[in-house]
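The chain contents come next:
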Amino acid sequence: MSRNTRAIAAAGVALALGLTTAACGGSKSDDKKTDGASGGKSAYNLAITEVVNPSTAKGGTVNLWGAQDADFWDPARGYYAFVWNLNRLYTRKLVEYAATPGKAGLELKPDLAQAMPEISADKLNYTFKLRSGLKFDDGTPITSKDIKYGIERVWATDVISGGPVYLPAVLDPKGEYKGPYKDSDPNKLGLKSVTTPDDSTISFKLSKPSADFMYLLAMPGSGPVPQKRDTGAKYTTAPAASGPYMFKEGSIQPGKGAIFVRNPNWDPATDPIRKALPDQITFTVTTNAEDMDSRLIAGTVDADAGQTGVQAATRTKILQDPALKANADTPVTGFLRYAGLATSVAPLDNIECRKAIIYAADPTSIQAARGGPIAGGDIGTSMLPPNIAGSDPKYDPFNRLPGKPQVEEAKKALTACGKPTGFDVTIAVRNNKPAEVKSAEALQAALKPAGINAKIEQYDGAQQASITGSPDNVKAKGYGIIIGGWGADYPTGTGYMQPLSDSRFIPKNGNYNLAEIKDPSIDALFDQAQLETDPAKAAEIYSQINHKIMEGAYYLPFVVDKALNYRNPRLTNAYIHDAFGMLDFQALGVNDGK
Amino acid sequence: MSLGPEASVTDETSAPTADAAEVRGPAEKAIAGRSLKQIAWRRLKKDKVAVGGGIVVLLLIVVAILAPLLTKLFGHPIDEYHIDQIDPTFGTPIKPWGGISSDFIFGVEPTSGRDVFSRVVYGAQTSLTVAFLSAFVSTILGVIFGTAAGFLGGWIDSMISRVMDLLLAFPQLLFSIALVSVLPYSILGLDGRWSRILVLVGVIGFFGWPYIGRIVRGQTLSLREREFVEAARSMGARSPRILFRELLPNLAAPILVYTTLIIPTNILTEAALSFLGVGIPPPNPSWGGMLSDAISTYQTDPMYMIIPGGMIFITVLAFNLFGDGLRDALDPKAR
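Top line first, the protein sequences correspond to chains A and B.
One point on numbering: in full-length UniProt numbering, the residue at position 17 of the first sequence is 17, and numbering is uninterrupted.
One point on numbering: in full-length UniProt numbering, the residue at position 242 of the second sequence is 242, and numbering is uninterrupted.
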């Protein structure tokens, strides 16, 4: 399998799984609407920028509820964003996102490793030294071989599917390694590009330089797995723990939840990132989202594990009551909502006709369809979300920020396109996402005054990969406008934009380059970015790519997604982690010891 | 459906009346001079509840036909957004009572600000078109197969009866959902709205005919042994004549009654399908689709649920009252 299809397959799973899969949300300072309160006092959106109720008090139970169960607890298989967040409780990796609010949280810190790796001059060799005194929950020491074995499991998509599959493209581009379950090596450590000279050293040999490699090592699937406890597909029912918490025996119940208890063999001296305050963390699955909301308000549930936002009625209640509002946050989730304008469908092969659609769209009515400025998100202006370096919220090439449709501009573009009286187009939208259907209706109504007659075709959202993800089908059905949304697996421009705009990322199925952008200059910029290890220079390249996408009028951005979440006032050390766009679960504590 | 036993009562008793009226015809003419139609009409006029229902039904039909005009006079286009009527933070109408004002007499839709009045009026068009046409389809199919089964008997009867049993046991709603979601957007060159209406008419009508078919079959079975049929046959009448001149006129009353009673059921089925998201495609409104939308905001904007819900309630009630009254009028012994 080529590098491109692997990455796309992984990304495809990310979106297929639900609203907030693999969101790498972040925040901007302009989200801060606090009243200057701080120091033990909570305020609306305060957790986005600082730690609310800082405390070192240990003990008690943090109660998390969720409307959706985890996909997999197996670190190599989980792909939901909240599962990645909870994974920090029980899986340590070589490097881990820092435990701080704001942009600083996106910085990777050594976790199992003593320090950041030594990187060779050609940027192909990474060598890590492990800390001493690391142990699994059963008391056996964690060695470099356990880490190598854990990483090898990423290859075994035939046995343990579901998780992201980025590493093979960097470490084994020819696909020579078949995963540990088919490994002929007696120790099952046959992956040649990863070597373990001794128990505390691990080296990686990359096939080509990759500026994003460290982010791949911070994914849950890069954590250590003891080979003798690996039960393959069943490992998800009892994963080993290297972090401060482990699963209470038998507590993992599909569809019901899980309980995390303290890991007696975790030594705080070896872990500079995690605080491990509560004695226990429970995760309970409910099917009744409204019941969960009322429990949140009543204080019997501490936080929504999914962090996808409260229901409409509770939203109104929270926003109208200043006391409740002070304990709520609306972080950006890292998702953009947009419409892809398929270049394979006439007349959208003409850039001017695509521009006409972007100008005619009413940013405000689409924002309202998504839930308004607070629960839906800010008006989107370009294709790089604000949590990713290189994004510029002021970059607004189509003048969308004033929030008005520009029918005159649209008509000019239509004339330039050779369709002065307008044209017919089809909007394809998933039928299982009410907000997307409403966005499609708002877009349809806004296109009408410009003479663009859109019809809405709803399709089965579960079949997305083969319906709007199939370029042949898109062309055959004439889906000119395709409603979608995307969140990055790791917070760089490559992680976000490459699946959406690189011409080499257009598979026959599961395509997310909805516009089918085939611009060699964009492809070249992505290659250039992979060689750039300086984040500031990489950000400059991503900014260029973003400009090229917008100048080509390939996508119509709707909103920069947000979610209104409520946190129990008794929670200590509460803050939004930018890598997930949600509360950092591992940092939470409770102030009443219960 | 609970209509089976009720209607069967009608059949058994209405037939002798019709029969008797025909047989006694010449003798009674001298005394009263009223036909069965006239008798029924007089009875119906006396039934205030049924007349009330009938007036509401007529009113709804007029509203549905005049939907474009009414929208022009009192409303706004169904797909016109009025985002200024909506509180951006909550997505609910700014004005109280669901945004009701002189400009928007039934209020506005949450999140979009579309005119609820126009959408309800166009929704009436959808609901009534589907209900009437599917009732028509059911009746035609039911009468053809019912009379065929009852009149011809034998293996034809058993075959048609088994097909009816099969359809009655079929999970209609699940089938409709599956079918409607795989059908293409446009059929026979019609636009999305009318092609979907066509599909709904086909599906609801097709699954509705066995109910009426069974009644017609039972009725035919009992009628074909009657003396007047025997008499016609002995005078050399052929099957088509017996069928169309002797049997069908006697079937008219139960068919008419039954048709009025399946219309409200069809309205509810259409609403249920729209509620489940397989009804009329957006932006075209239907009552069930509006109810479905209202679920997410029923706590913050109850008016948006009350209005389409109330329309469905009033319409179904009016049809039922009128249908009951019609049955009583055509068949006083069924009381």
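Check each hint, because a few of them may be wrong.
Here are the computed lysine-lysine pairs in the DSSO-like style, where the Cα-Cα straight-line distance is at most 27 Å [as the list claims (entries may be wrong)]:
1. K419/A / K394/A
2. K477/A / K537/A
3. K448/A / K508/A
4. K475/A / K404/A
5. K455/A / K95/B
6. K208/A / K135/A
7. K37/B / K404/A
8. K537/A / K475/A
9. K477/A / K448/A
10. K208/A / K58/A
11. K188/A / K129/A
12. K123/A / K109/A
13. K72/B / K325/A
14. K72/B / K404/A
15. K448/A / K37/B
16. K208/A / K109/A
17. K135/A / K145/A
18. K317/A / K48/B
I should point out that these hints are in silico values taken from the structure, not numbers from a laboratory.
These numbers come from a predicted model, not from an experiment.
Against the structure, the hints:
Taking the CA atoms of K419/A and K394/A, the gap is about 31 Å. The hint is violated against a cut of 27 Å. For the suggested pair K477/A and K537/A, the alpha carbons sit about 41 Å apart, so the restraint of at most 27 Å is broken. Taking the CA atoms of K448/A and K508/A, the gap is near 33 Å; set against the 27 Å cutoff, the hint is violated. Restraint check for K475/A and K404/A: the C-alpha separation of about 31 Å exceeds 27 Å, so the hint is violated.
With a C-alpha separation of about 31 Å, the suggested pair K455/A and K95/B falls outside the 27 Å cut-off, and the hint is violated. The straight-line distance between the Cα atoms of K208/A and K135/A is roughly 33 Å, outside the 27 Å bound, and the hint therefore fails. This hinted pair does not check out: K37/B and K404/A have alpha carbons roughly 63 Å apart, beyond 27 Å. Restraint check for K537/A and K475/A: not satisfied, since their Cα atoms lie roughly 38 Å apart, outside the 27 Å limit.
This hinted pair checks out: K477/A and K448/A have alpha carbons roughly 21 Å apart, not beyond 27 Å. Between K208/A and K58/A, the direct Cα distance comes to roughly 46 Å. Violation of the 27 Å bound is thereby established for this hinted pair. Taking the CA atoms of K188/A and K129/A, the gap is about 22 Å. The hint holds against a cut of 27 Å. A C-alpha spacing of about 19 Å is found between K123/A and K109/A, which places the hinted pair at or below 27 Å, so the restraint holds.
For the proposed pair K72/B and K325/A, the alpha carbon gap of about 43 Å is over 27 Å, so the pair is violated. As the CA atoms of K72/B and K404/A are separated by approximately 26 Å, the hinted pair is consistent with the 27 Å bound. With a C-alpha separation of about 52 Å, the suggested pairing of K448/A with K37/B is violated against the 27 Å cut-off. A C-alpha spacing of about 23 Å is found between K208/A and K109/A, which places the hinted pair at or below 27 Å, so the restraint holds.
For the given pair, K135/A sits about 13 Å from K145/A by alpha-carbon distance, which is consistent with the 27 Å threshold. Our distance criterion of 27 Å between C-alpha atoms is broken by K317/A and K48/B, whose separation comes to about 48 Å.
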